[in-house]
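**Student:** This is what each chain is made of:
There are 2 protein chains.
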Amino acid sequence: MGRHELEYPKDAVNLVKRHDERGTYALETIHGLVNGAQLLHVSFNPPGSPFPVILPMIGQMGSFDRPSADLGDPLDLYLHGYVSARLFNTARGPGAGAGGLPVCVAASHVDGLVLALSPFNHSYNYRSAVLFGHAALVEEEQEKLYAMQLITDGVLPGRWAASRQPPTGAEVQSTSILRVKIASGSAKIRDGGVSDDKHDLENQDATGSIWTGVVPVYSAMGEPIPGPYNKVDLPTYASEFFQEFNQESRENSIAAAKK
Amino acid sequence: MGRHELEYPKDAVNLVKRHDERGTYALETIHGLVNGAQLLHVSFNPPGSPFPVILPMIGQMGSFDRPSADLGDPLDLYLHGYVSARLFNTARGPGAGAGGLPVCVAASHVDGLVLALSPFNHSYNYRSAVLFGHAALVEEEQEKLYAMQLITDGVLPGRWAASRQPPTGAEVQSTSILRVKIASGSAKIRDGGVSDDKHDLENQDATGSIWTGVVPVYSAMGEPIPGPYNKVDLPTYASEFFQEFNQESRENSIAAAKK
Chain F
1 MGRHELEYPK DAVNLVKRHD ERGTYALETI HGLVNGAQLL HVSFNPPGSP FPVILPMIGQ
61 MGSFDRPSAD LGDPLDLYLH GYVSARLFNT ARGPGAGAGG LPVCVAASHV DGLVLALSPF
121 NHSYNYRSAV LFGHAALVEE EQEKLYAMQL ITDGVLPGRW AASRQPPTGA EVQSTSILRV
181 KIASGSAKIR DGGVSDDKHD LENQDATGSI WTGVVPVYSA MGEPIPGPYN KVDLPTYASE
241 FFQEFNQESR ENSIAAAKK
Chain G
1 MGRHELEYPK DAVNLVKRHD ERGTYALETI HGLVNGAQLL HVSFNPPGSP FPVILPMIGQ
61 MGSFDRPSAD LGDPLDLYLH GYVSARLFNT ARGPGAGAGG LPVCVAASHV DGLVLALSPF
121 NHSYNYRSAV LFGHAALVEE EQEKLYAMQL ITDGVLPGRW AASRQPPTGA EVQSTSILRV
181 KIASGSAKIR DGGVSDDKHD LENQDATGSI WTGVVPVYSA MGEPIPGPYN KVDLPTYASE
241 FFQEFNQESR ENSIAAAKK
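As given, the protein sequences belong to chains F and G, one line each in that order. Counted the way the UniProt record's numbering counts, the first sequence spans residues 1 to 259. Counted the way the UniProt record's numbering counts, the second sequence spans residues 1 to 259.
Hints were generated in silico from the structure; no laboratory data involved. Everything numeric in this text was worked out from a predicted model, so none of it was measured. No false leads were mixed into what you were given.
Below, in silico cross-link-like pairs of lysine to aspartate or glutamate (EDC-like), each with a Cα-Cα straight-line distance of 16 Å or less:
id, chain 1, residue 1, chain 2, residue 2
1, G, K181, G, E143
2, F, K258, F, D191
3, F, K231, G, E202
4, F, K181, F, D65
5, G, K231, F, D200
6, F, K258, G, E223
7, F, K10, F, D20
8, G, K231, F, E202
9, G, K10, G, D20
10, F, K181, F, E139
11, G, K259, G, D191
12, G, K258, G, D191
13, F, K231, G, D200
14, G, K181, G, D73
15, F, K181, F, E143
16, F, K198, G, E171
17, G, K231, F, D205
18, F, K181, F, D73
19, G, K198, F, E171
20, G, K10, G, E21
21, G, K181, G, D65
22, F, K259, F, D191
23, F, K10, F, E21
24, G, K181, G, E139
25, F, K231, G, D205
26, G, K258, F, E223
All chains should be modelled from the sequences, with the hints used to inform the complete structure.
**Tutor:** Shown next, in the form of structure tokens:
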């Protein structure tokens, strides 16, 4: 709406070097890819380890100070720690430093297999984002609750309010939330069809025998399976979300192939 | 068949600390999760950067010295570099050291949303593996070709032989392959149904109003979209693989929920 679209500044850390035409630095795109990912991969260096570690975690972008902020605004990343306590123990520890623990967070979506004549022109359609920042434990209860709702509703919109409320003191206490202050980020998107070199396109043996094109790939949700103590019908907020998820996910993968 | 199942030794690097009952160290399980992942996340520390970096890449476990090795044998991980040249430049550089660049590689599969009464008992069904090792560029042409076939067939079995062969010298030259010598690894698997605390199960307001159960999540492949210069019908090796992939992927997510 006439507003300037915010971008993460390019620097040595976030610059997309290979296929730079596929790179983007727009906050809205990057934050959208993070919020749409069922799983994030979080990397950090545990003190004393020769290797960086990757943990799969769930998380959402948000702003506790300004909850009405848009996806294109500067936001923090909130991560839920149930996957492993290791990251949080590290962030608590002496290696963390004043600004928090340096982390890289990746959000990746595969949209299709691109099958070319030459195996070397095979590719994926994909959308991937990385964020770099400093992670610290959220200590304040109100901010913790804000983040827990954000993350729960990120998995299934409306689920927080629909589940048993309010949280008990023990639940809030025993749950760790990390807030990542974002330093920079970038995204890389490959879409479109198949592409081969001239010498292969002129090779009639090849074009006459090798199938070329795109196979859409998407994430799907199956028929919900009620648990042993379930007593209610699947509510509309859930059934509608699963239906929309499946439709959008499938349509996006086809649209990416046809771009 | 009476043979001892190999495991990565537990140490400070690979130990599953939280929910250790979900952890496994069996090579066969871990290697299977890596080979079944459409995308791997590779983390390393670029020289001079305050942050670790994560790159999404494709890869497969294999043994160039003993190509007939099983999934449960000690194997190397071969990674394809088309996603970014940054990792390879780093592995070439002075920071790499004699043994190669220390990396962590993650392979993660989401199998379902576990929706409980309390938001704090919500979970995912998932299978995730991490490997730690040292990455180095493959220099020898025969090993490069072995890895390229392995990785191409990992995306679509049989595709290497079915695509235009042999590779040109320029293709082999311009493609970078990393070989990761594995130091250790572990996997973590959550399956089964929903589980809540006694006080929630006895809360009739909660059980009478909140849907609980598992929503299977799986990766699907859509109808293949032929490219503009395709002249042939979709071959059987491809159509059968897509069909099997969809069926197994869907059935696995349901089986995980019912365990």
